[in-house]
Amino acid sequence: GAGVSQSPRYKVAKRGQDVALRCDPISGHVSLFWYQQALGQGPEFLTYFQNEAQLDKSGLPSDRFFAERPEGSVSTLKIQRTQQEDSAVYLCASSLESGIDSGYTFGSGTRLTVV
Amino acid sequence: SQQGEEDPQALSIQEGENATMNCSYKTSINNLQWYRQNSGRGLVHLILIRSNEREKHSGRLRVTLDTSKKSSSLLITASRAADTASYFCATDYDYKLSFGAGTTVTVRA
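Line by line, the protein sequences are chains A and B.
Okay, so the first sequence: first residue is 309 according to this note's numbering, each after it adds one.
Okay, so the second sequence: first residue is 143 according to this note's numbering, each after it adds one.
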């Protein structure tokens with residue numbers, strides 16, 4: 309597609325519920341990133357994929373967070389047993405490849421509210 | 143943790159005026175990027191400046207980079223109402239982007 313697509317746009321989850329957030333990157337983009345943006349803050353790095361390989365998951369806040377990209381295109385960020393502190397906008401970004409001087413294309417994000 | 147810090151946190155200007163915001167960072171970088179975020183939307187890449195560059199222009203945008211001071215500035219000239227948004231600097235090192243907390247710019251008609 310023309311841009312990075314994320315779904316759903318909004319998600320309300322009851323505390324303790326599991327959620328799955330989807331990211332459809334630009335076709336052919338090798339690198340895919342997930343970021344978490346709390347209200348009034350800048351995005352914080354969560355995890356990075358190069359094709360299907362998850363090369364860095366150092367930003368995942370806890371073992372309740374899990375991300376995958378099994379075929380090197382679509383990625384899913386799963387949060388188990390959601391807590392109120394998980395409420396944030398989750399942004400996905402992709403780029404042709406990392407390590408070169410180019411900007412990243414971000415999706416519109418999924419706003420997760422845990423009640 | 144946030145690597146960069148933008149200054150000011152908020153800026154209100156009249157249409158047609160210039161807007162300047164600054165960014166300071168702490169560690170080595172490959173490049174520094176500026177992004178715009180409209181309320182409730184994703185980030186839009188505006189401009190990238192490499193670590194060996196000092197100044198770059200793109201349309202009404204001018205970015206400077208001083209690696210000795212670990213700082214950058216973004217100038218938007220002849221601002222328009224559509225420039226109302228939050229602006230973030232992000233440092234790029236080893237594929238990770240580290241963002242500041244952003245500058246909220248309001249352009250009054």
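Hints listed in this document are in silico derivations from the structure and should not be mistaken for laboratory results.
All figures in this text were calculated on a predicted structure; none of them were measured in a lab.
Possibly wrong hints are sitting among the right ones.
[Claimed, not checked] Using 27 angstroms as the maximum straight-line C-alpha spacing, the simulated DSS-like pairs for lysine-lysine come out as follows:
1. A:Lys386 x A:Lys365
2. B:Lys238 x B:Lys211
3. B:Lys211 x B:Lys198
4. B:Lys198 x A:Lys365
5. B:Lys198 x A:Lys386
6. B:Lys168 x B:Lys212
7. B:Lys168 x B:Lys198
8. B:Lys211 x B:Lys168
9. A:Lys365 x B:Lys168
Here is what the structure says about each hint:
no. : hint                : in the structure
1   : A:Lys386 x A:Lys365 : holds (13 angstroms)
2   : B:Lys238 x B:Lys211 : holds (21 angstroms)
3   : B:Lys211 x B:Lys198 : holds (17 angstroms)
4   : B:Lys198 x A:Lys365 : violated (33 angstroms)
5   : B:Lys198 x A:Lys386 : violated (39 angstroms)
6   : B:Lys168 x B:Lys212 : holds (7 angstroms)
7   : B:Lys168 x B:Lys198 : holds (21 angstroms)
8   : B:Lys211 x B:Lys168 : holds (9 angstroms)
9   : A:Lys365 x B:Lys168 : holds (22 angstroms)
In terms of the numbered hints stated before, the structure departs from hints 4, 5, listed from lowest to highest.
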